[in-house]
Amino acid sequence: MSCLNETFVLENGVAIPKIGLGTWQVPNGETTYHAVSFALKNGYRHIDTAYAYHNEESVGKAVRDSGIDRRDIFVTSKLPAEIKSYDKALKTFDETMENLGLEQLDLYLIHAPWPWSEKGADYTKENIEVWKAMEKIYESGRCRAIGVSNFSGSDLKAVMENAKIKPMVNQIRYFIGHTQEDVTAFCRDNGILVEAYSPLATGKILENAEIQKIADKYGKTLPQICIRYCLQKGVLPLPKSTHEAFILQNADVDFEISSEDMQYLDQLKETEK
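Residue numbering for the sequence shown follows this note's numbering, beginning at 726 and increasing consecutively.
Heads up, some of the hints might be wrong.
To be verified - Calculated pairs, BS3-like style, for lysine-lysine (alpha carbon to alpha carbon, straight line, at most 27 Å):
id	residue 1	residue 2
1	844	857
2	882	816
3	816	938
4	938	958
Stated by the list, open to error - Here are the in silico distance ranges between beta carbons for each label pair:
id	residue 1	residue 2	range
5	796	823	18 to 28 Å
6	846	898	17 to 27 Å
7	736	789	43 to 53 Å
8	971	934	18 to 28 Å
9	937	790	36 to 46 Å
10	979	850	42 to 52 Å
11	732	861	40 to 50 Å
12	942	732	22 to 32 Å
13	756	850	37 to 47 Å
14	846	732	30 to 40 Å
These are computed hints drawn from the structure, not numbers from a lab.
For each residue, glycine too, the CB sits at the ideal point set by N, CA and C.
Taking the hints into account, I'd like the entire structure generated from these sequences.
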């Protein structure tokens with residue numbers, strides 16, 4: 726599982742493991758604690774959580790209990806999408822750190838450019854204000870890297886035009902058939918790493934016969950093809966699972982999809998069933 730030992734390097738020089746364990750929709754308590762503990766025991770070194778997932782406590786406890794040097798584990802969390810002021814952003818970061826029980830975070834993201842109940846609304850002014858809080862957090866040394874999630878190219882541009890430090894990461898919904906070409910191209914052109922949440926389309930892609938054909942050709946599972954596809958696109962996948970077998974399989978992606986098969990996968994549409 727050499728992919729677990731490989732890293733992308735953010736624009737500020739921080740190395741980030743190429744595959745992360747996602748924890749969205751995983752309940753706080755034993756379920757999260759066991760999934761994170763098992764992943765860490767089996768080579769994962771990158772865990773993704775968020776204040777809004779309500780499981781930061783269990784993620785932090787699993788990290789602290791792992792026996793692994795804290796410097797060797799990359800932990801991401803996110804500022805809730807509803808927090809759109811400087812002071813509240815700083816206060817909520819403090820709450821996240823208390824929840825995690827860690828002295829330093831590796832990556833902190835603005836969860837979305839708008840509150841979830843107002844998806845698509847214009848919060849440009851507020852995002853610029855919140856980004857100043859993100860910069861303060863970064864400059865304090867309490868977080869090694871900062872970025873955003875669910876931001877479009879125009880959202881990113883507005884922040885960058887008013888920033889001392891540009892976002893280092895944009896975490897977006899990304900999977901075969903849904904690669905958000907405009908925003909991924911913008912990120913690539915500006916040195917921003919794209920992370921893929923829901924690289925399996927929250928399970929909706931698992932019955933796709935066209936991708937299954939490619940999986941059969943390589944003797945791999947369909948999820949392994951989806952995860953490998955992200956990696957070959959230079960995108961960091963965050964597959965989520967609480968099942969031990971799937972946690973192991975999702976990281977066993979040390980193979981190469983041919984350029985011809987990548988082109989085939991590139992042209993697939995409506996892969997969610």
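Against the structure, the hints:
no. : hint                   : in the structure
1   : 844 to 857             : holds (22 Å)
2   : 882 to 816             : holds (26 Å)
3   : 816 to 938             : violated (49 Å)
4   : 938 to 958             : holds (20 Å)
5   : 796 to 823: 18 to 28 Å : holds (21 Å)
6   : 846 to 898: 17 to 27 Å : holds (18 Å)
7   : 736 to 789: 43 to 53 Å : violated (29 Å)
8   : 971 to 934: 18 to 28 Å : holds (21 Å)
9   : 937 to 790: 36 to 46 Å : holds (38 Å)
10  : 979 to 850: 42 to 52 Å : holds (46 Å)
11  : 732 to 861: 40 to 50 Å : violated (27 Å)
12  : 942 to 732: 22 to 32 Å : holds (29 Å)
13  : 756 to 850: 37 to 47 Å : holds (39 Å)
14  : 846 to 732: 30 to 40 Å : holds (36 Å)
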